[in-house]
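Asker: With the hints as extra help, turn the sequences into a complete structure.
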Amino acid sequence: MTAIQDTHIPNHEAGHADDHHHEHPSWLAHHFDDAEQQFDSGKLGMWLFLVTEVLFFSGMFCAYALYRNRNPEVFEFCSSFLNEKLGAINTGVLLFSSLTMAWAVRAAQLRQHQLLVGMLGATLGCAAIFLGVKSVEYSHKWELGLLPGRFYVPQIEGHHGAHHGYLEMLCIVPAIVTVLCAAYAVFSWAIKSTFHQQVSGPLLTAALCFFVGVFLGQYLEAQEEATKGHANHHEHHMSVQGHIDHDSHDHAAASDTHEHDHGSAPAPVAAVASSGGSSDVYVDSKELATPKPNVNKSTMAGLFFSIYYCMTGVHAVHIIGGMIVISWLIVKAARHEFHEQYFGPVDNVGLYWHLVDFIWIYLFPLLYLIT
Amino acid sequence: MSVVDRPLASPGYSEADSYPTHHFLNHSHGILSWALTLDHKRIGLMYLVGVMSSFALGGLFALMIRIHLWNFQDGWLSNKTYNQVFTLHGAIMVFLFIIPSIPAALGNFLLPIMLGTKDVAFPRLNLMSFYLWITGLVFFLAALSITGLDTGWTFYTPYSIDTQQGGAVLAATFGVFVLGFSSIFTGLNFIVTINTMRPPGMSWFRMPLFLWALYSTSIIQVLATPVLGITVLLLSAERLLGIGIFDPKLNGDPVTFQHFFWFYSHPAVYIMILPAMGIISELMSVHCHKGIFGYRMIAYSSIAIALFGFLVWGHHMFTSGMADVTAVVFSALTFTVSIPSAIKVFNWLGTMYQGTVSLNTPMLYALAFIFLFTIGGLTGLPLGALSTDMHFHDTYFVVAHFHYVMMGGTLVAFLGGVFHWWPKMTGRMFNDKLGIVSAIIVFVGFNLTFLPQFVLGSRGMPRRYATYLPEFQPLHQLSTIGSLTLGSGLLLALIVLLMSLVNGKKAPRNPWGGATLEWECASPPPHDNFSSAPTVGDPYDFSNIEYDGKTGGYVKRA
Ligand code: HEM
Ligand SMILES: [Cu+2]
Chain A
1 MTAIQDTHIP
11 NHEAGHADDH
21 HHEHPSWLAH
31 HFDDAEQQFD
41 SGKLGMWLFL
51 VTEVLFFSGM
61 FCAYALYRNR
71 NPEVFEFCSS
81 FLNEKLGAIN
91 TGVLLFSSLT
101 MAWAVRAAQL
111 RQHQLLVGML
121 GATLGCAAIF
131 LGVKSVEYSH
141 KWELGLLPGR
151 FYVPQIEGHH
161 GAHHGYLEML
171 CIVPAIVTVL
181 CAAYAVFSWA
191 IKSTFHQQVS
201 GPLLTAALCF
211 FVGVFLGQYL
221 EAQEEATKGH
231 ANHHEHHMSV
241 QGHIDHDSHD
251 HAAASDTHEH
261 DHGSAPAPVA
271 AVASSGGSSD
281 VYVDSKELAT
291 PKPNVNKSTM
301 AGLFFSIYYC
311 MTGVHAVHII
321 GGMIVISWLI
331 VKAARHEFHE
341 QYFGPVDNVG
351 LYWHLVDFIW
361 IYLFPLLYLI
371 T
Chain B
372 MSVVDRPLAS
382 PGYSEADSYP
392 THHFLNHSHG
402 ILSWALTLDH
412 KRIGLMYLVG
422 VMSSFALGGL
432 FALMIRIHLW
442 NFQDGWLSNK
452 TYNQVFTLHG
462 AIMVFLFIIP
472 SIPAALGNFL
482 LPIMLGTKDV
492 AFPRLNLMSF
502 YLWITGLVFF
512 LAALSITGLD
522 TGWTFYTPYS
532 IDTQQGGAVL
542 AATFGVFVLG
552 FSSIFTGLNF
562 IVTINTMRPP
572 GMSWFRMPLF
582 LWALYSTSII
592 QVLATPVLGI
602 TVLLLSAERL
612 LGIGIFDPKL
622 NGDPVTFQHF
632 FWFYSHPAVY
642 IMILPAMGII
652 SELMSVHCHK
662 GIFGYRMIAY
672 SSIAIALFGF
682 LVWGHHMFTS
692 GMADVTAVVF
702 SALTFTVSIP
712 SAIKVFNWLG
722 TMYQGTVSLN
732 TPMLYALAFI
742 FLFTIGGLTG
752 LPLGALSTDM
762 HFHDTYFVVA
772 HFHYVMMGGT
782 LVAFLGGVFH
792 WWPKMTGRMF
802 NDKLGIVSAI
812 IVFVGFNLTF
822 LPQFVLGSRG
832 MPRRYATYLP
842 EFQPLHQLST
852 IGSLTLGSGL
862 LLALIVLLMS
872 LVNGKKAPRN
882 PWGGATLEWE
892 CASPPPHDNF
902 SSAPTVGDPY
912 DFSNIEYDGK
922 TGGYVKRA
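Taken in sequence, the protein lines are chains A and B.
Going by the working numbering, the first sequence opens with residue 1, and the numbers climb by one from there.
Going by the working numbering, the second sequence opens with residue 372, and the numbers climb by one from there.
To be clear, the hints were calculated from the coordinates, so they are not data collected in a lab.
Possibly wrong hints are sitting among the right ones.
To be verified - Pair by pair, the computed Cβ-Cβ distance ranges are:
1. 187(A) / 405(B): 34 to 40 Å
2. 92(A) / 836(B): 58 to 64 Å
3. 164(A) / 840(B): 32 to 38 Å
4. 438(B) / 26(A): 55 to 61 Å
5. 361(A) / 716(B): 46 to 52 Å
6. 187(A) / 626(B): 55 to 61 Å
Note that CB positions come from ideal geometry on N, CA and C, so glycine has one too.
Answerer: Next up, the structure:
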């Protein structure tokens, strides 16, 4: 926290020497009177920032509520493509990281520098596991063609979809980061600097945690496929196929049906006509809903996945942002900068981290647990 | 007013530092000492130059529009270009000029000084906010030069999804996103500074009203802007990934976009007007040399406007389709939000009553504000009433309404504020006579430009059209003449300001006789604002402020 000083070019003119009346420790920015004022300002600033974050997400929660209210059946159908086991694991991982983060704040207050670095490292590791699992989820869906909106093209031949190497692509950046961290760790051991060792250790561990997450995710994904058995899963995909066939048969009917979903007036049904009934049969829109409308198309399921990717994507960006600031804290902690008078940064990053976890606590049931 | 021969002195004040040789402007030298500065005063000045340049750019587009509309058809712009010109005019004026204008430029400069502190709470964040603003500017210029944006400043879907100018929509929405964060960081910084850094003795109700105004503005910035952020983010995702949330072709709902957009943009009109009202409160009391009338009412009404402003966004969408009940509720709430605005106007008039009014440049701009804002606010009422809005929506009546509040209100107050604090910021006095002339030309030109537009709109002239029926031509031509008058008035104001830098008299510490803390600081202020913590009094107590013939300014009797 060396604020301000940058532009404080030494000045020799008279009348300027009495700039600083009282002793300012290096961790106290020069425009603050005392530690309390600095702490309160940081804290209030962080709370306000969290308010903006909540409002930022609120836009997407509104969109979610709106479209779920309009098309509940779409949300039910699509949610079954999300692996709730992976979601649950990630929820647990994030909850645990909130614990380690809170512990880190306490360690900072008590000058337990070693423990502080450890706890921050653990938080970072949890974040990496989360992202590893998320990468498995994303790549799996992309391979099944479960893409947002316009690009939604569910794969129907085979269970696994084509192998496109999406997961490998998502692993490139973490792999590079891991190599860099490893190099840094080797370097820090070579020069025998405890400071660098304290920084590089947690960073390397966290980077490796990403791959732990990936393996965990893949293992569970495979298990899911196995235990759900071919019967259940197969049937699931069969029904997807069935919908699609149906769709291609009477395209006009499908789009008609869609319109009737919203209008309340009874209307003639092309599908009935084509299946041999007399053409002037009028059916109430409620009854129309019984032969399930096809939801497996870009205008229906595609919209769900748009919302899914927007929400979880923006959340993941926040996780990554959190990882960057936690790494910064690790550097400061390894320098033993924090003490009972100055632990604001740990406290504030902690608040941010809890919020990011908190948002996930909402996302998990809203997206994964719809039945 | 008495002229005294003995220099009156308040503690810590001496003749020598009345015209300081060392101040924030020459505290350090070189481009980098500005580009990397954490000094709120320098950041404020950089913002001032930035927003004024954006205003000039947006103004040029405005004149292009007005000249194009001289004839009812075959104007000098193609229809396509016309769409791009009015879009860029609106977008630049709203996002680059008017929203940051008063808070980021004048507010940044003045808020810490009025609080008697060395800086805002987060100086680095402050600088970052400025660079985000620059980034936003770059994206806007990209949108301008690559293809040209043609969606209108509101980016309504589905047109913004379908238009050929995809690159421009992306560049502009990204620019808006970045500018939003710039605005959020300024607001956040101000709230924290006011909450935690007020000097001892300055209770909430001893704060200058400008600070109350900035505080309520900041609340809106922090609460509303993130929603705009996610809206434009979803819009860019719509263009890039076809997510369909706003796209009717993919079963999305374009009206949802309007809700999201106005949930920000109606509160945003209060981001524009509240700081202007704060300036007027200061100008009114200082230039009438009389305490502000109804201090608490003005303070509370700022907060009331900030909160009620969140509940009326639907009045922009009466014709977009909404349930009858919803429309009635939005209409009723719209009427309630005009009450606090009216309270302020009456309090300003009450302040002038029996005051010693100095009719100088800042005061003339303030008077122009009151007149123009009142017209703008009153014409908001027929727009908020359901039956009349069906007729007025999307006509020149709306155009005239919001120019009266935004330009007649915010811009005029901004100019008044710039003239008022110019001596403080630069240490130079401007030519008051020429300043007065500029104020008069601006006032006349403004009314000449926009009064005819009320008539045009009520007769059915739709907004955003490149051509029109011949019967509207005389009024359009009147408006174009007005706009050229207005432009020359503004140019004169700029010349007056720039001339003062060349040959202006040195400014005294307190040229107008203000009682707020910034007038106890040297002109221009030193790097750290106050060498010792100032004593805080009533910001509107003028009883012991006297004119001092020696310095040509006012001093506080000890
Ligand atoms: C005093 C109370 C006010 C009321 C009752 C009011 C009411 C309205 C209404 C009902 C509309 C929508 C008209 C339509 O599109 O059919 C409108 C438009 C507008 N108002 Fe106001 N207004 C007020 C003050 C302000 C202020 C202070 C500002 C800005 C500083 C402002 C800026 C705007 C803008 C920019 C639009 C048009 C936006 C667009 O469609 O492009 N208004 N106003
Ligand atoms: Cu509005």
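Asker: Confirm or reject each hint.
Answerer: Comparing the hints with the structure gives:
For the hinted restraint 34 to 40 Å between residue 187(A) and residue 405(B), the CB-CB distance of approximately 38 Å keeps it satisfied. Range check, residue 92(A) to residue 836(B): about 59 Å between beta-carbon atoms, so the 58 to 64 Å window is met. Distance hint check: the CB atoms of residue 164(A) and residue 840(B) are about 59 Å apart, inconsistent with the given range 32 to 38 Å. Hint check: residue 438(B) to residue 26(A), Cβ distance near 60 Å, so the stated range 55 to 61 Å holds.
A hinted range of 46 to 52 Å holds for the C-beta pair residue 361(A) and residue 716(B), which are about 48 Å apart. Between residue 187(A) and residue 626(B), the C-beta spacing of about 58 Å keeps the proposed range 55 to 61 Å intact.
The structure shown violates just one earlier hint, number 3.
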